[in-house]
Every structure is written in C-alpha cells, then in structure tokens.
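J.: Residue numbers (the working numbering), protein chains in the order written: chain Z, 1 to 574; chain H, 1001 to 1274; chain Y, 2001 to 2267.
In short, the hints are calculated from the structure, not lab data. Among the hints, a few may not be true.
[As the list claims (entries may be wrong)] Residues from chain H that face chain Y, not an exhaustive set, calculated with beta carbons under 8 angstroms:
no.	residue
1	Arg-1132
2	Gly-1133
3	Lys-1160
4	Gly-1214
5	Pro-1215
Glycine residues also receive a C-beta, built at the ideal position from the N, C-alpha and C atoms.
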Amino acid sequence: MTEHLLLGLQAAADTTRAYGEFPLIGARAAVWIAAEVHLMFAAFVLGVPMFAVVAEAIGIFGKDQRYDRLAKEFTRLLLVAYSATAIWGAVLVFFLATLYPKFWAYLTAVFGPSMWAYAGLFFCESFTLYLYYYGWDRWKYGRPKLGHWSLGLLLNLWGTIVMFIANSWLTYMMTPPRDITPTTDPATIKLWHAIANATWMPINVHRLIANVVFGGAIVAAYASYRFLAAKTDEERAHYDWMGYVGNFIAISALIVLPFAGYWLGREIYQYDQSMGITMMGGFMSWLWVIQAFLIAVLFLTGNYYLWIGMGRIPGAERFRPYTKYLLIVLVLGAIVWGTPHTMIADSKELAAMGGSHHPFLGALGVMSAKNTAVNLMILTTFLSFLLYRRANTRPVVPWAKSGTMIQGAMFALAAGVVLFYGIRGYFVEAIVRIGFSVYQVLAVLGCIVAVTVIDVLMGRGAQSLGAIQWGKMPPRSQYALFILAVTFTWLMGLMGFARSGIRQYWHVWQVVQDTSKYAATPALGYASKMISLCVLIFLTLVGFVFWLGGLAEKSTFVATGDREGGGGGRHVGH
Amino acid sequence: MTAAPAVRRYAAHPFWQAVGILVLAYIVVVWVVPLLPGSAIVPKSVVLQYMVTVLVGLLIYVSDNEERWARFKEPIEAVLVEPRLRVARAALLVVVTVLVGLIAYGQVATTVAAPPNLRSIHPAPPTEITFRGKSITLTGLENPLRAHPESLPLYLAEGKGVYYRNCLPCHGDHLDGQGHFASGFNPLPANFQDNGTIAQLTESFVFWRVAKGGPGLPREGTPWNSAMPQWEDFLTEREIWSVILFLYDQTGWKPRRWETEPGKGESGKGKGDD
Amino acid sequence: MWATNLKVVAIVLGTLALYTLIANKIPQVESEVPQTLTLGANVTPEQLVAAGEKVFNGIGGCTTCHGLGTRAPNLLTDEKGTGAIGVRCGKREAGKTCKQYLYESLDQPTAYIVAGYQPIMPVMTKQLSPQQVWAVIAFLESQGGTVDVSASDIPATSPTSPTSAGGAGGAGGAAFAGGSTDPKAIIQAAGCLACHKLDGQGQVIAPDLTHVGSRRSAESIRRKILDPASSTAKGYERLAGIMPKAFGTMMNAAQLEALVQYLAAHK
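Input sequences plus hints: build the corresponding full structure.
T.: See the structure below:
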C-alpha cells in the first residue's frame, strides 16, 4: 500500500502547477479550438500561395491576363487571412504556456532554437507577402514581372519551411525517437534528432498536399459567394470561372492525398503497431466510417458540380446520357465504402447475424472491398472530368478515333486490375493483400496519367463547339461548392483529431504522460461537436475577413465599361 | 386512358422514377439481401445508411440537369398549390406530421432493450503485459520457440497436446470455432480457419489474447462477453507459445510479420477493423 | 441578397449539424487512461469504494443502463421507492446477504431478474478482474448500506493488478511448504538463506535482505524473484545469473505475494 501511496504522491507532485484551468470550456477545449482554428487559417495561408504562383506563371507564360487577375485576387484573400493566422497562433502559444506550462516547458527545452528560427522565418514570410501583393501593379510587365513572380516562389519557400518546423513539434509528440525515454533530460536531446522523427516527412508531405486541397476549396467557396452576390453577367462569369478553378485544384490534389496518407499510416504502424491498431481498429475505428461518409460526400458533390457545369458547355449534351452510369458506380461505391465491418446492431440483430459481423455484407466491410470501391470512385471522377473537358471540343487529329479507343481500353484495364486485386485480396494472407492496394493505386494513377497525356495530344487544334458560357450556372451548383468547403474543413478537423487522438493519454507518446483531468481521449461525439465549433469559428472569421477585404478595396475583377469595380464595393450594402 | 401509357408516363417521369428506385432499393436491402445464401437480416443502422446514400444519389440524378430538375419538382409543386389536389395536400400534411411524431416518439420512448454496442474484435494490444508477474514486451515480439527450428516438431506435438486438453471444447476439432460448447456462446469462439482471425495477427497479439482472455480488455474491446479464460492462470508461457505454433501450423496461416508491416489501412482511404 | 446569405448560412449549419449528428448517433467510446488497481491485503473499505466508483463510471460501463433508470434498475438514488441499492440489496433474495446477492448479480446476471426488466446484462465477471468486481460490490454497498467487502473476498490467485494476475504455480508444479503462505516457511523451504542474509541469519554470498524494502519496491522484489536476470544489485554484478530462475514457478500466487509483502516490509 505504501508503494501505492507513493505513486499517488508522485502523481500529485507531477500534476501540481503542471496544468492551468480555463473557465467554462476547460483547458483542453481551449487549446483544441486555438490549435484547430490556427491550423485552418495556416492551411489556407500556405495552400493559396502555391496556386497563386502557378496562376501567375500561367498568366505570364500563357499570356493570359485572366490568370494574372486571378492570382492577385487569391493573394488579396491571403493578405487578410494572414493576420488572423498570426493572431490564432499567438492565442495557441499563450494557451499552451498558461494551460499546459510544464509540458510547454518540456517542448521549449527540446525545440527552443527551432522556435526562434520559426519566428524569424515568419517575419520573412510576412514581409515577402506584403512585397508580393503591394508590388503587384508596380512590377507588372517584362523583367520586373519575373522578379515579382520569384517573390511568390520565395513566399512559398518561407511558408513551407515554417510549416516543416511546426510539424516537427507535433510529430515529435506522436513519434519521439525510440531512444528517448521518460527519464531523458529534454535539454540533452539533440534538436535535429527530435525534428527528424518517424512521421515528420510523411506529415510534411501530407499537409503540403492537404493545404492545396483546402485552399482550393475555400477559394471556391469564396468565388461561389461572390457569384451568388454578383449583379452583372460578367462578374458572374468571372466568379463562376474562379469557383471552377478552385474546385478543380481541390479535387485534383485530393486524388493524390490518400497516397500521402498511406505513407503516414504505414510509418505510424512501423513506429508502433499498437498505435496503428488504436488508429485503425481500436477505439477510433468508427472515425474511419465517418471519414468514409465525408469522402463519399466529396466525391458525389464534386461530380455533381461537374455534371451541372456541363449545362453551360455547348456540346456537352453528347455526354449527358452517360453521367447516370457514372452516378450508379459512385453510389454503389459509396455504399461499399461506407459499409462498416463491425455493425451497430441491437441484440436481436446480433443474434440473427451471429455476431457483429454480417455474414454476407461483412465481406464489403474489409479492406479489399473498400480499396476497390474507392479506386473505382477515383476513376469515375476522373472520367467525369474528362467528359467535362472534352465536352465542347471535337478532336481533329487523324488518330482521334483510335486514341479514344485506347483511352477507353486504359480505363477498362485499370478498372479490371482494381477489381482483380480486390477480389483476389479475399483469398490471400494479410501481408500480401496489403501489397495489392499498391497495385490498384498504381493502375489508377497510371491510367490517369496516360489518359491525360493522350487527351492533351488529341486536343491539339480540336474543333470547338462553342465557348464555355461561364456564369450560366444554377445557384444550386454554387451551394454544392459550399458543401464541399464545409466538408473539407470538417474532414481536416476530423483527421486532426485522429492524428492527435492516437497519442491517447500521452503528451509525448510514452515519454511525457498527460496527468491532467483531460487525459482521457474523448469519444467521437464530443470530438465532432468540437470540430463543428472550430469549423464554424473558422468560416465565420474567414467570411468576415473576406468581407473586410471587399470593403477595403475594389475587386481585382475589372468589369469592362460602365460597371467598374462592381464586385468589392457593392458588398457594403448587404 | 389505358393503363399501359399511364404506367409508361409515370416510369418516364423523374419524380416517380426516384420514388420507384427508392422503394426498390428498400426492398432489396431489407428483403432480398437476407434471402441470399448464408446471409442474415441487415441491421437497421445499415439499412438507414444505405437508404440515405441511395437518396442522395437520386437527388443528384434529378437535379444535375435543368430540365429534369424542373420536371422533378412539378408534382411536388402541384401538390402544394393546385386546388384540385386539396385532398392529397391535406393527407400529406397529416402523414408528414404523424411521421415526425412517430419518429420523435420512437427516439424518446423508454425501452428495455440492451443498448447497441460497438465492439472492436481486435482491440489495440498494450505494448507490454505482465505475465505471472513477469513483464513481456509485445511490440516486436516473435514466438521464441521459432528460434529453435530443430525442435519445432517437438513444440508442435506439445502444442497439439495443449490444444486438445484445453481449447478443443470451444474452438473445435477443426479449429473452426465449432466445438461442442460453441453454440452456447455469444460471441462465438474464434474460428482460426477464417482469414479474419489469427491470419491477421502477429503471434504476440495471439499470445496476449490467450494469456489474458476476456476479462480486463480495454473499453473499445467491450462488451466482451467472451467466455475465454485468462489462460495465464493455467498454462505456462511455453505452453501458450507452443499452442500458438500449433494453431498456425494446423491452419496453414502465416502470422503477421513485424518488419514488413506496412499498416493495414491507409489513413486517407483505409478503415476499420478487418 | 439576404435570402442568399440566409441560404448559405443554412447550408453551412445544416452540413455541420448533419456530420455532428452522425458522429453522435454511433455508440460512443472514450479511450480512458488505464488505471492499475492495486488492492493489497490491508485495503480499506474506503479505498475499495473509491476504486469501485471509478469502475462503475468508467471501464465497467454500468452507467450505460443503470444510470438512466429505463433499461435497468437505478442503483444510485432510488428505484421505485425502495431506496438505493445498498438499502435493498439484502432483501432481494431470501437467504442471500447483500454481498452474496451483489456478487451473484455480477457473476450470473440472469439468476435473478428484477420485475419489469429484461435479462440483458452481460456477465461482468468475464469482463472485469476479480479486484474490479469486488471494488464495484463495495461501491454498491456503500450506496445506503454498510461495506463488508474485505481483502479476504478477493481471490488470492490474482494478487496485484488486473494486468498482472500472478503465478498460480506451473502446470503440475508442487508449491513450497505444502502451499503455506507463512513467509518464513517459504524462505525456509526455498532455501533463500543459502545465499541471502535476513534478520541476522543466512549466508552473505548474495545481497543482505534485512533492509531490502528500503532499496526495492514490492513490484521490484516480485520481478527479481520471478525473473532474477531483470536486475542485479550494485556490487554483485559478478554473481549475476547465479540466482535460480525457477522460484516463480515453484510458488503459488498467494505464497509469492506473501513473500513479496514480507520482504518489502523489511525497511
């Protein structure tokens, strides 16, 4: 009993003044909100410069002023979101220092110098951004324009380094190097050793891509709002196009994201299998069913937007009859993808099923089925996009017919490979089956790349069936973009919970234990309320910030003729 | 008007198409799927999930095209405004109200049914367990008996003896979970022949499950009404390892390996407890 | 414009509400901090009650049904005017004391069904360790009754924590001194004093055990006996590996525990 008592005293000593308390919502919720909202702003602020620079490059090298205007409009959104990022970052730091002082002291002991570097780089990033935005019109043509563009590159460079540094802190919390134990003096841990931990690079890559997805989705939502608020056809056309571009960026980056996620999951498993099982099969297993639901929403809504968009493309009527088959594949895919392996059932149903696995549908709940479903959904989405792209053109190259047939064969081949390995996966041992998902993915990626190349070659000098009538979109397509943005944001919160939650009751996995009263990892219901709250805060602030941006200056959209500066100024009124 | 053209007219109308597909989907999920060989009733939660997915798909179908969307809305608008459909309107109003009331009642009415539960069949193993007071680190642990390949036949014979003395009554002669007592248990004893049990697991995981049995599992593994005893009270460490050896040898499965473990799911697209 | 704004807000809120609803509709599982339950021989009723309350509200999952008063009888406040469980537990079944009744209801939940309820309770002795079960009983008794659970109720086969049910002798292995739990008899039979010194007796080949309790915790002593290679006292590295490894398989759990507690008390 004395031993027990001593342990108790030790725990009490550990806890005293290790944790602060936050009124009403509690310390954990306070840090949760600060971190999540900061992260959302940060993701936006890091993602948007990437495609702003790309858009500017298209403007410069493709001599298309439209893209240059678009890039500037992106950057303007960036400028106003930037200070919000910094504010929430400061809130997070203050919350950590006051609510988790002991743990914060530990982190600073390990990561101190990298935090100074972080502050310095943040400074550089801010001023590069100011220069980039305010220098836009000054260095508009010729050589200075290239200089301006390289400022954009520099901005991305700073941002990426800043993110990599911050990522090292949180990945250290998940996967500290194996030689670090609870008794290791934090001051003796080599900085680089702590930074280069097992999940650092996977998280870096995953977040880099996810930021592009997120930035695209938020930009699309912004554009859709401006579209709905627009009063002239020209303005509508501009924002329709901007929304389309944002959505295109988001969806295409989303297709690559699972592979980065795969790498991350793999690293987590290799680092600590029990952490991996907690994530995929343990108390978080239902999180993936929710995630599946959200991803199904993304796929369906993304395709929906494209299909409605065909309404504004002359020539798209040719492809309309086929969209319903694509829809059938997507719905069936969503059904398989969402079928849980362990089902929620009451006692009578459990008795009838002989357990919580359905004897028949249970076969749809395993990895093989799900990988097959999601790969087919990716292929279908790609096909949708291809039809969209092809809609108002008729290829004139002599090999157009055989080219189309080769493309069709590639789709069939990729789908065949996916189905073959999906079915075969039921008959082999786990370790082999895991390898199969790589083949499925490679087949899909290979098909996407090859078909795109053929399509680009085939599209050369294609006969146009009429220009896309930008702006001729029903409002419900724009609401779809809102659903996409909300879903992306929510998904980000959910994945953040998964990443952070698998640490369970550890600040630093098996090194620094969480001895606060919030040590238990909350259930999904509580987490979902927190996520919704964070998303709401973020969207409200972002909406406000964008509104401010519109208030302060005129839209970069310059209407020709009399309705000069229609976009921005008009927002004062509503 | 004859019946056939009327039917054809309805079948071509997006609204009635949608209703028809919805009803058809319900029939398939609730009545056809259980009729399939080896199938069983579909839990209500899954039925709901499937129906919502189908409904969303239908809404997308009817609204991704201006003309179809307009036609889809016709009957709805007609019911809402047209004077000749006053009866239908009133009926709809009553039906919707009653339906909402019934659902609300069903949600709040007290019942004595056991709450539906989530149980993860393979909960996350601890990194370390205490086996008869001795700490055993599970992470990276291999079956120590495999380190002596020359004695494997001996260990297998020993494991076989352990299995037939202790495990047979529940897990059965064929290691398929169909022992004499099996039908008395819920959940059923594990079927080692199935590719979802030991074929998915490392030997250290199996060791943990044999040694600790049903009691004391983490929350996510409950309600673990499993009758599996804590075998550490009855078997030695070596006996457990040898019976594990026997299980894999007899079923032909290979234990999951550590080194090449690439994660059974992908965080982006993977899921759950397969 | 206001209509559009409202629609946008409604769509955003609706989407958020839908996701939140789905996540809340599924059964909720928290990942708790594992509690090691150490109930020694001299555990007090207060400690048992406190431990039992944690199990009741946490890992036991009791509140899923018993807290609400709809699926199962209310245990903590009042059930149809009969008071809390501690008040009524002795009167439920004729000839059964409160403790016996509560143990039965955890071990064979269907043996006695309170009128008006269904037999839906899982067998808790399959889910919880004996310590946890007895702690819960103590907690339930404390709800309006007197706690008469003591350490003697808890089976000695699993002496420490739920994750460390101790060594109940190897298969067929005979226990020292006919299974006696007198530590002196065990020390005598095991021949500890052939190497160790204790209270002035024995040899000095291995560390003196007279003050071993001040150097090692009970857990550490237990480990050293079960796995002598796990640690070596300072200055005796030369002799590492001499201590026989089989002691753990030659004692039953109660003996081991008695020995460990005896040595740990040597401060």
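J.: Hint by hint, say whether it matches the structure.
T.: Now the hints, each set against the structure:
Satisfaction of the interface hint for Arg-1132 of chain H is found here, the shortest Cβ-Cβ separation to chain Y being roughly 4 angstroms, below the 8 angstroms cut-off. Among the interface hints, the one on Gly-1133 of chain H holds; its C-beta lies about 4 angstroms from the nearest C-beta in chain Y, closer than the 8 angstroms criterion. The interface hint given for Lys-1160 of chain H is broken, as the beta carbon of that residue sits about 15 angstroms from the closest beta carbon of chain Y, more than 8 angstroms. Checking Gly-1214 of chain H against chain Y by beta carbon gives a least distance of about 5 angstroms; that is within 8 angstroms, so the hint holds.
Annotation: Pro-1215 of chain H was flagged as interfacial toward chain Y, and the flag holds, the nearest CB pair being 5 angstroms apart, inside 8 angstroms.
In this structure, only the earlier hint numbered 3 is contradicted, and the remaining ones agree with it.
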